[in-house]
Amino acid sequence: MTLTEKILARAAGKASVAPGDVVFAKVDKLMMHDVSGPGVIKVLEEWKKRGTNLERVWDPDKVWVTEDHFVPASDKISAKNIITLSNWTKRFGIKKHFKYGLGQYGICHTLSHEEALVLPGEVYVGGDSHTNTTGALGAFAAGLGHTDIAYVLHHGLIWFKVPETILFKLHGKLPSYVMAKDVILRIIGDIGTEGGNYKCMQFSGEGIDQMSMEERLTLTNMTTEAGAKNGIIEPDSITESYLKERTEVPFQCVLGDEDANYLDIHHYELDEMDPIVARPFSPSNTCGVREVQGVEIDKAYIGSCTGAKLEDLRAASRLFKGRKVKVRTEVLPAAQSIYISALHEGLVNIFVDAGCVVGPPTCGACCGAHMGVLGPKEICISTTNRNFPGRMGDIESKTFLASPLVVAASAISGKITDPRDITT
Amino acid sequence: MNQLEGVVHKYYRENIDTDVIIPGQYLKIHDHKELAKHAMEGIDVEFSQKVSEGDFLLCGRNFGCGSSREHAPIALANSGIKAIIAPSFARIFYRNSVDGGYLLPIEVEEETCRQIENGDRIIVDILNSKLVNVTQGRKAYDTKPFPALIARIIEAGGLINLDPHQLIDV
Chain A
9 MTLTEKILAR
19 AAGKASVAPG
29 DVVFAKVDKL
39 MMHDVSGPGV
49 IKVLEEWKKR
59 GTNLERVWDP
69 DKVWVTEDHF
79 VPASDKISAK
89 NIITLSNWTK
99 RFGIKKHFKY
109 GLGQYGICHT
119 LSHEEALVLP
129 GEVYVGGDSH
139 TNTTGALGAF
149 AAGLGHTDIA
159 YVLHHGLIWF
169 KVPETILFKL
179 HGKLPSYVMA
189 KDVILRIIGD
199 IGTEGGNYKC
209 MQFSGEGIDQ
219 MSMEERLTLT
229 NMTTEAGAKN
239 GIIEPDSITE
249 SYLKERTEVP
259 FQCVLGDEDA
269 NYLDIHHYEL
279 DEMDPIVARP
289 FSPSNTCGVR
299 EVQGVEIDKA
309 YIGSCTGAKL
319 EDLRAASRLF
329 KGRKVKVRTE
339 VLPAAQSIYI
349 SALHEGLVNI
359 FVDAGCVVGP
369 PTCGACCGAH
379 MGVLGPKEIC
389 ISTTNRNFPG
399 RMGDIESKTF
409 LASPLVVAAS
419 AISGKITDPR
429 DITT
Chain B
19 MNQLEGVVHK
29 YYRENIDTDV
39 IIPGQYLKIH
49 DHKELAKHAM
59 EGIDVEFSQK
69 VSEGDFLLCG
79 RNFGCGSSRE
89 HAPIALANSG
99 IKAIIAPSFA
109 RIFYRNSVDG
119 GYLLPIEVEE
129 ETCRQIENGD
139 RIIVDILNSK
149 LVNVTQGRKA
159 YDTKPFPALI
169 ARIIEAGGLI
179 NLDPHQLIDV
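Chains A and B, in that order, are what the protein sequence lines are. Each residue of the first sequence is one higher than the one before, starting from 9 at the first, in the working numbering. Each residue of the second sequence is one higher than the one before, starting from 19 at the first, in the working numbering.
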């Protein structure tokens with residue numbers, strides 16, 4: 009069995025499972041945020057009217073809640089949603105509620121690894137499509153909607169069709185100025201936005217062995233854009249040391265079998281990779297940065313669960329140091345802990361000296377919610393994950409997706425720029 | 019619920035994503051009728067006025083890709099749409115539609131999508147996995163049968179009405 013099959017078999021109480029089997033998996037961890045949470049609460053209220061009342065959550069210690077999409081509250085409705093969420097977590101005894109403006113908080117997918125909320129081998133469901141991110145820790149992590157999350161809160165179980173696994177073997181080492189973001193954009197460009205639909209995308213090879221945890225998380229994060237049910241990476245010493253720095257809870261690393269079956273195996277030579285962008289209006293509409301070099305931009309955005317982890321900020325700061333931005337540039341660390349590290353390392357100084365605005369952790373403009381949305385015909389280059397029509401604001405705005413290095417290089421020149429071309 | 023009848027609204031293009039179905043700025047809204055006013059706003063701002071209760075949507079491959087927002091099937095269902103006909107669906111949209119009991123995702127061949135025209139009156143025959151085109155001389159098309167578990171959830175009107183033990187080994 010593959011790692012995903014092994015985790016689902018264990019969670020379903022079966023000796024083995026095969027792709028296509030429908031299983032009811034015991035859930036180890038559940039997350040909802042200030043968009044999905046109020047939606048889940050509405051489903052629970054509807055069920056109550058129909059005679060199915062939630063007396064208690066199946067296991068309050070396995071649930072956590074984040075405030076990330078509409079914080080700071082963008083208007084009265086989003087402020088009310090936070091109150092609804094807070095009342096609910098209080099009533100049901102959910103201790104892990106990461107509140108905006110009260111110590112550690114941030115984007116749900118970032119907290120899941122920053123706080124080691126999910127461990128290898130676990131089944132983790134989240135009320136957000138980018139839940140796939142956390143699979144980089146060696147867990148089965150999949151996004152669900154309000155109804156499914158409400159169902160798990162009742163029963164601690166949910167159905168899954170066991171996915172086939174596509175293996176992506178990464179060979180060699182990434183050249184300077186090329187990041188995991190370029191790799192995953194390249195893969196999505198190759199397989200398309202439906203290329204992983206219903207499937208598991210697993211990454212392995214010596215390219216992974218040498219890759220940091222944060223870079224691995226960028227890969228699994230964007231498996232969502234290929235439609236994948238989950239993205240996963242087998243845990244190793246890098247996973248172990250990353251988690252042990254963050255939790256004292258013991259865990260066991262589960263690996264796939266040597267003779268596991270994969271639907272397909274794709275090989276990528278990292279040494280040959282170049283910086284990539286995804287042009288409007290699809291994450292699969294990719295090309296080399298130099299093919300669109302010189303396209304003038306109105307804004308550069310460094311934020312989101314995809315592109316505002318500490319290493320992303322460090323990468324961008326390398327280019328910003330001693331330079332000035334030519335277009336409006338926003339940097340929003342993905343979690344408060346990352347903000348604090350960026351402050352202590354001097355990165356925040358570099359950003360503000362370069363002319364960027366540094367904002368609070370929030371999903372914000374990544375999903376066109378608030379805090380810096382795009383106007384008509386504006387062009388943005390962004391470290392985020394989606395660029396569908398209207399994703400970051402006006403329906404006539406355009407977003408190019410790229411790595412933090414490409415975004416920083418473009419911010420400095422005011423037009424799309426390959427970071428290898430920033431020399432002075 | 020073995021048969022549905024309604025008029026088709028054809029938006030035959032691939033990868034219609036959740037940002038188009040219900041833009042991110044509306045995610046803070048949880049009033050279903052209010053969400054319905056903004057359904058498909060990214061493609062057609064007049065969509066909600068064009069749709070009548072019981073109508074169908076016909077679209078291209080990978081319908082509903084993108085986010086997990088349940089707002090997407092909720093907005094469509096509350097605008098009146100009862101089934102979506104497409105060659106394929108993104109996974110979270112598909113399970114949200116079924117598990118929430120909002121609407122039916124009906125999978126058909128590409129050719130079927132090409133033949134059915136905007137405004138055609140269609141009968142969705144769930145029991146026999148068929149579409150019947152009333153407008154085009156009752157021409158019939160096959161639909162992909164629902165897997166057993168999905169059929170069971172649809173029959174029950176959503177996941178709410180089923181305990182896990184009623185579903186295990188379906």
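There's no promise every hint is true.
[To be verified] Examples of chain B residues lying across from chain A (beta carbon under 7 Å, computed):
hint : residue
1    : Gln43
2    : Ile110
3    : Asn146
[Claimed, not checked] Footprint (simulated), chain B over chain A, 3 or more residues, beta carbon under 8 Å:
hint : region
4    : 201-214
5    : 272-279
Derived from the structure by calculation, the hints contain no laboratory data. By construction, the Cβ of each residue, glycine as well, lies at the ideal position given by its N, Cα and C atoms.
Taking the hints in turn, this is what the structure says about them:
1. The closest approach between the C-beta of glutamine 43 of chain B and any C-beta of chain A is roughly 6 Å, which is under the 7 Å cut-off, so the hint is satisfied.
2. A least Cβ separation of about 6 Å between isoleucine 110 of chain B and chain A falls short of the 7 Å threshold, and the interface hint therefore holds.
3. Annotation: interface hint on asparagine 146 of chain B violated; nearest CB of chain A at approximately 23 Å, more than 7 Å.
4. Figure legend: the region 201-214 of chain A, annotated as covered by chain B; annotation consistent (4 residues with Cβ-Cβ distances under 8 Å, at least 3 required).
5. With 0 residues having a Cβ less than 8 Å from any Cβ of chain B, the region 272-279 of chain A misses the three-residue criterion, and the hint is violated.
Of the hints listed earlier, those the structure fails to meet are numbers 3, 5, in rising order.
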